[in-house]
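Can you make the complete structure from the sequences, with help from the hints?
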Amino acid sequence: MKANDVVKSAFGNTLRSKLRTFLTVIAIFIGAFTLAVTTGLAAGINQTVDRIFEGFGDDESIYVVPQMDASEQDGPPEYDPEAGADTDAGFGTGMLSASDIETIEKIDHVLSVETEIAAQVEYIETPDGGQYVSNLDFALNDTLAEVIAGELPDRGAMEMTIPEDWMEAFGADSPEEIVGETVVIGAPNAVGQISEVEAEVTGVTQGTLADVGFAPIPSVELTHEIFEINGEGYEGQNPESYIMAAVEVEDLEANEEAVKDALAEEGLWGLTVEDQIAMFQQIIDTIAWVLAGFALIALLAASFGIVNTLLMSVQERTREIGLMKALGMSSGKVFGLFSMEAVVIGIMGSVFGIGLGLAAGFLADMALTAEDGPLGGFAELSLFAFNPLAVGGIFLLIVAIAFLAGSLPARRAAKKDPIEALRYE
Amino acid sequence: MSTPVLETENLVKVYGRGSAAFHALKGLTFEIHRGESVAIVGKSGSGKSTLMHLLALLDEPTSGVVALDGKPVTQLKPKKVSALRNETFGFVFQQFFLNPNQSVLENVTLPLKIAGVSKIERDKRGMKALEQLEMADKAKNKATNLSGGQKQRVCIARALINDPEVLFADEPTGNLDTATSETVEDILFGLHRDHGITLVVVTHDEDLAAKCQRRLIMQDGEIITEEGTR
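Those sequence lines, one after another, are chains A and B.
Under full-length UniProt numbering, the first sequence has 408 at position 408, and the numbering climbs by one with no breaks.
Under full-length UniProt numbering, the second sequence has 130 at position 130, and the numbering climbs by one with no breaks.
Honestly, the hints are just simulated from the structure, not real lab data.
Heads up, the beta-carbon is just placed ideally off N, CA and C, and yes, glycines get one too.
All clues stand as given, with none of them false.
With beta-carbon atoms standing in for the labels, derived distance ranges:
hint	chain 1	residue 1	chain 2	residue 2	range
1	A	ARG423	B	GLY27	21 to 27 Å
2	A	LEU356	B	GLY45	56 to 62 Å
3	A	PHE22	B	HIS204	42 to 48 Å
4	A	SER17	B	SER147	23 to 29 Å
Far from chain A by the CB rule (all over 10 Å, computed), these chain B residues:
hint	residue
5	GLU7
6	ARG17
7	GLY70
8	ASP123
9	GLN132
10	ASP163
11	PHE189
12	ASP194
13	GLU226
List of simulated lysine-lysine pairs, BS3-like, C-alpha gap at most 25 Å:
hint	chain 1	residue 1	chain 2	residue 2
14	B	LYS142	A	LYS8
15	B	LYS80	A	LYS2
16	B	LYS119	A	LYS8
17	B	LYS140	A	LYS8
18	A	LYS2	B	LYS119
19	B	LYS140	A	LYS18
20	A	LYS2	B	LYS142
21	A	LYS2	B	LYS140
22	A	LYS8	A	LYS333
23	A	LYS2	B	LYS124
24	A	LYS8	B	LYS128
25	B	LYS79	A	LYS2
26	A	LYS8	B	LYS138
27	B	LYS128	A	LYS2
28	A	LYS8	B	LYS124
29	B	LYS79	A	LYS8
30	B	LYS77	A	LYS333
31	B	LYS142	A	LYS18
32	B	LYS79	A	LYS333
33	A	LYS415	B	LYS77
34	A	LYS415	B	LYS79
35	A	LYS18	A	LYS8
The following block contains the structure:
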């Protein structure tokens, strides 16, 4: 029997008992569909992340926060007067003290250190006099921001960006109109009096998945200025504490590890933008793998469906198998014919499953991230993407599973004795 | 004398073991020559079907030898035996064994499909075989929609399609009424007479057996008498 005849016969045989084949294919379909959706989801979000962050590949900074010490997680840490004052403003990992900053500055290859301070703002006043309540984003988050008009603030100047949805407050029709405006920031001092500083709006941001750009992003200089105001009238020593420090490193590529190691020795934790992206993508990948795990369980169940279907088929076609063997079909070819039927079922299930999974993924993505969709506010967000490698992998995996599932019934068919089979009623 | 197309030597077939052993064939030695028509006759349980299965290489003897064209086949690999069956033999069964889901033509060309012949060639030879049996107009019909006689003619067409050296017919008229039986018998013996095909008929129908040149009468696993001449 020729290979193309085997394939044709197998295909024809699967269509003989259409309902049974259909039900078996459904089970495969569900697994394939789920796998296509989860891998597409992971690919989509990872692509989004890549796209958003690809502009920051030349960012020569390492971002430093205090290291979390696992051994100190039991119970509260001991008080250390040298450590920065712990406030809720940090990343939940404590604060950097002034001495930490000094230490960082002394590490080899460190060119400069910029610090993130928690600055308190009472209101932000637009040029037409409207006053609005707002928190400020972290100044050092600027590298993660998606700017849709203008540019990021110069860290050393009194500048800031404004989120896109503030356009109305400025009475502007397009983001470009806001760029260049001057806002007045009201900041409270220690005894509750408000002082004002002026800042120039250099850009308009759109919120990203990293949760950056939903609030105005001040420059580093601006936060320090506001922090000064916050501390006025305080009669004690204002403990200097920083949420985070941005360390500019000379030749980051070559010295990244050395600086990170030096930081770790000081109990500090250094992350590049790439590290942060990698962490984010790792979380997405983990979620995708968990979902894919469920899909694999579905496929496992489906493979038993194939075994069952083909066992029934082999039983029903005992005489046909006997005839084929009597007429000179070798056992190997009989095995090939029946395992090919399993493969055909696998192909049908995976083609429909993957096809509809991709279609559903792209349609859902379009609906969710459309301008007025529920997730339309995120910049450049796409939840779904076509990953040819993953799709090809899923297809091959399912076909392989189907073949394995079919090998048991196919073996049974191949081992049939033609005389017994022809006598079978 | 030419080499016999089929010959056996001390052919023994035992089913089961020990005290439960059943000796279906008790050492048969005979020859079937090219162009002969031979009937294997006997009651059920006489071992005639077992003998046919061994001759047709569908089963292996417990001991003894089956030789095809003077070459023993007992030692051959299963794959080779399958190929020999496909090339050398044609089968006509009492129960027809037609695939009800396939067309008459597809049923007829099954041996060629197994042999790996291309579809165009298969269909050409299939139509020729059907024409020979005056069934060409039914080529596209489903095999289920045929009468008994038509079914058996399709089976004969299938048996002839690979130009076999030997045609095995296992109770070919067992499921047919008298008139149809006669037609089918005429076809079989016509093929034997006009095309020189070697015919091995297994039957308990004495009228059918009588039309063969030679009759091997079996009882309890032995050939008790041999009638007719070559």
